[in-house]
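Chemist: So you can see what is in the structure, the chains are spelled out below.
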Amino acid sequence: MNLFLLSWKYIKDKPLNTFLNVLLMGLGIAIILVLLILNSQLEENLAKNKRGVDLVVGAKGSPLQLILANVYHIDFPTGNIKLDEAKALTRNRQVKSAIPLALGDNYQGFRIVGTNHDYVKLYEGSLASGDLWKYNLECTIGTNVAMQLGLKIGDEFFGAHGLSDTDLDHDEASYKVVGILEPSNSALDNLILTNIESIWQVHAHTAEEGEEEADHDHEPVLGSAYETGLPEGGPDAEITSMLIQFRSAMGAVVMPRMINSDTNMQAASPAFETQRLFSLMGIGVNMIKSFAYIIIVIAGLSIFISLYNALKDRKYDLAIMRSLGASKSKLFVHVIFEGIIITTIGGVLGFVLGHGLVEFLTGLYEKSEAIGISGMVLVKGEFYVLLISIGVGVLASILPAFNAYRTEISKVLAQE
Amino acid sequence: MITIENLNFGYSEKRLLSISHMEIKEKQHLMILGKSGSGKTTLLHILGGLLKPVQGKVLIDDTDLYSLSGTEMDKYRGQNIGLVFQKAHLISALTVKDNLLLAQYFSGIPQDTGRIKEVLNTLNLGEKLNSKVRQLSQGEQQRVTIARALLNKPRVLLADEPTASLDDDNANSVIQLLKEQAENHNASLIIATHDQRVKDAFDLQLNLNEQ
Ligand SMILES: Nc1ncnc2c1ncn2[C@@H]1O[C@H](COP(=O)(O)OP(=O)(O)OP(=O)(O)O)[C@@H](O)[C@H]1O
Ligand SMILES: [Mg+2]
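Heads up: the sequence lines are chains S and V, in that order. Once you know that position 403 of the first sequence is 403 in full-length UniProt numbering, the rest is easy, because the numbers rise by one and skip nothing. Once you know that position 1 of the second sequence is 1 in full-length UniProt numbering, the rest is easy, because the numbers rise by one and skip nothing.
Careful: at least some of the hints might be erroneous.
As the list claims (entries may be wrong) - Here are the simulated DSS-like cross-link-like pairs (lysine-lysine), alpha carbons at most 27 Å apart as the crow flies: (1) K411/S - K57/V; (2) K12/S - K179/V; (3) K117/V - K312/S; (4) K411/S - K35/V; (5) K52/V - K9/S; (6) K315/S - K199/V; (7) K97/V - K87/V.
To be verified - Quick list of the computed label-pair ranges, beta carbon to beta carbon: (8) V394/S - G70/V: 41 to 49 Å; (9) L386/S - E26/V: 38 to 46 Å; (10) Y293/S - S36/V: 32 to 40 Å; (11) M287/S - Q135/V: 31 to 39 Å; (12) M287/S - G70/V: 38 to 46 Å; (13) N184/V - N309/S: 41 to 49 Å; (14) R134/V - F291/S: 39 to 47 Å; (15) F291/S - K52/V: 49 to 57 Å; (16) V394/S - R134/V: 29 to 37 Å; (17) V394/S - N184/V: 44 to 52 Å.
Because the hints were derived from the structure by calculation, they are not lab data. We put the beta carbon where it would ideally sit given N, CA and C, even for glycine.
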């Protein structure tokens, strides 16, 4: 026998009450954990994908949409910009590097992105097998694309117009897989990368059907800028956006204003827009969080009330324990243990529920994998949730414990 | 063995107890008598280290009870004083065994199931080792409290109205049982009672009515 066991036996003696308190505590903790897991993974992944990108330049429209479409690949693009205008921009002294992107097609829901090798370097992507693309219509695919679609090197497929998998196929020109990337936990994992000219070529077929019949089945063409820079194209050539890195902090001051007022293009800062997104989401998150804290407070209160009420019946028990040689502080700890045991079990239940719920939800919602969310990871801050559980236990039981500490043995035992 | 010296006690200004000198020698037992409200329970609590007297000393062997610190006193009580009450105060969330283990744990002596079985057997409770306290009859519960009081081989066994709710036969057999067990364990037995049926069980008597 020891104090912990003694407290445990008291808890076991009133299972219904314990069940209710543990459940309340568990629910509160679970909700907080779900928010914590979602939030921190989202934040981490968003941060990862925007690093190295100071400014995104694209067609006019919603700046948030521009960022979501071109950095995170979740929203639709705002439109296209002229290749010539984009090229003019890269000659600006403030621009250190510019990576062009051409979006618009998908294969089975995975986006086909026309770009150059700098884009892979930006996310520190490395090859698991094969090579990076060089010739038009060659592509290198992300790890999730390879896994989920079962694509191997040498496989060919037809892209579909649009960004969701129900759209029409471009069945004239097929892409050929030449390489597969290692997992990088970034946007690369879910993308199919190719030359910008590949995208043009595929679209040219649909737009000018018949006219370029001669292009079929001839020698593969080496991309004009597969490693770095912008490709060569006609006066009508378009790309979707450019990811720009500045030479100095001055760029951030002058460039966006210049682009937004002097050109037909729009500039948006990923840092600013994601922060705006988070502050919008934050309102909802904070409301749910407050709700969870209210549940935890109710759990604490419920534990307090049951301990406090039980103490009336336990007066004799406590006095007997004293008469058997227990010191005042032992009784104090005995009651505190009871609170802590209940809230800790609640915390553990919440931990299992919270992670289970996130895992269950990610199973239901396929997009969650694309933004890198899983229930089977520990996030920082969970440790504090455990501390909260113990803290609530201590808080709920401290007053009852103090009453136990003050038990007047003689008085209680005389009141037979 | 037990010495009371110059003892004074009152819950308020009004003096309730006053004993200038009293000695209970080894192997002697004491019956504290008196009508209701005369202070029997109060005196028993003072002797048991549960209630500090206003004035005076209580010595058990050579230990001055009330010179001990709070925790020393708790420990001393757990190891040397066995208490039996009118009602069987057992911890109903626990089994018989756990109730007795608790007495060993709190007094700081090693936990020994063998010893527990031994004491339960002498009180014919051997089969109740793993029973929940709630499943026992009143009489059985009373005997478990006696077992608990004797478990740590105390120097003194204090019993407050142990027969008040019992019929004639059982009243006498409980007194006999307490006496027998105290003698087996070499403990001094002190019983407080207003029960006329058992007042003559011991030679040594203290009548609080006469104060
Ligand atoms: N905590 C207390 N505060 C004030 N007065 C008390 C307290 N406990 C007992 N008394 C009073 O002290 C007196 C002695 O009480 P005690 O319980 O010792 O009597 P008793 O002889 O055991 O009586 P009974 O035979 O009814 O059990 C009573 O008048 C009682 O009302
Ligand atoms: Mg009394």
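Chemist: The structure should be examined with respect to each hint, and the outcome stated for every one.
Modeler: Hints versus structure:
Distance hint between K411/S and K57/V is fulfilled; the C-alpha atoms sit about 21 Å from each other, no more than 27 Å. Of the supplied pair hints, the one linking K12/S and K179/V is violated, its CA atoms being roughly 38 Å apart against a limit of 27 Å. For the hint linking K117/V to K312/S, the alpha-carbon distance of about 32 Å lies beyond 27 Å, and the restraint is violated. Taking the CA atoms of K411/S and K35/V, the gap is near 19 Å; set against the 27 Å cutoff, the hint holds.
The hinted pair formed by K52/V and K9/S fails the criterion: a straight-line CA distance of about 33 Å is larger than 27 Å. Proposed proximity of K315/S and K199/V is contradicted: the alpha carbons are some 31 Å apart, above 27 Å. Taking the CA atoms of K97/V and K87/V, the gap is about 19 Å. The hint holds against a cut of 27 Å. Distance hint for V394/S and G70/V: a CB-CB separation of about 24 Å, inconsistent with the stated range 41 to 49 Å.
Range check, L386/S to E26/V: about 57 Å between beta-carbon atoms, so the 38 to 46 Å window is missed. Checked against the given bound of 32 to 40 Å, the beta carbons of Y293/S and S36/V, roughly 55 Å apart, lie outside it. A beta carbon spacing of about 51 Å between M287/S and Q135/V contradicts the range 31 to 39 Å that was offered as a hint. At about 50 Å, the beta-carbon gap between M287/S and G70/V misses the expected band of 38 to 46 Å.
Range check, N184/V to N309/S: about 42 Å between beta-carbon atoms, so the 41 to 49 Å window is met. Between R134/V and F291/S the Cβ separation comes to about 41 Å, which falls inside the hinted range of 39 to 47 Å. At about 52 Å, the beta-carbon gap between F291/S and K52/V stays in the expected band of 49 to 57 Å. Between V394/S and R134/V, the C-beta spacing of about 31 Å keeps the proposed range 29 to 37 Å intact.
Between V394/S and N184/V the Cβ separation comes to about 46 Å, which falls inside the hinted range of 44 to 52 Å.
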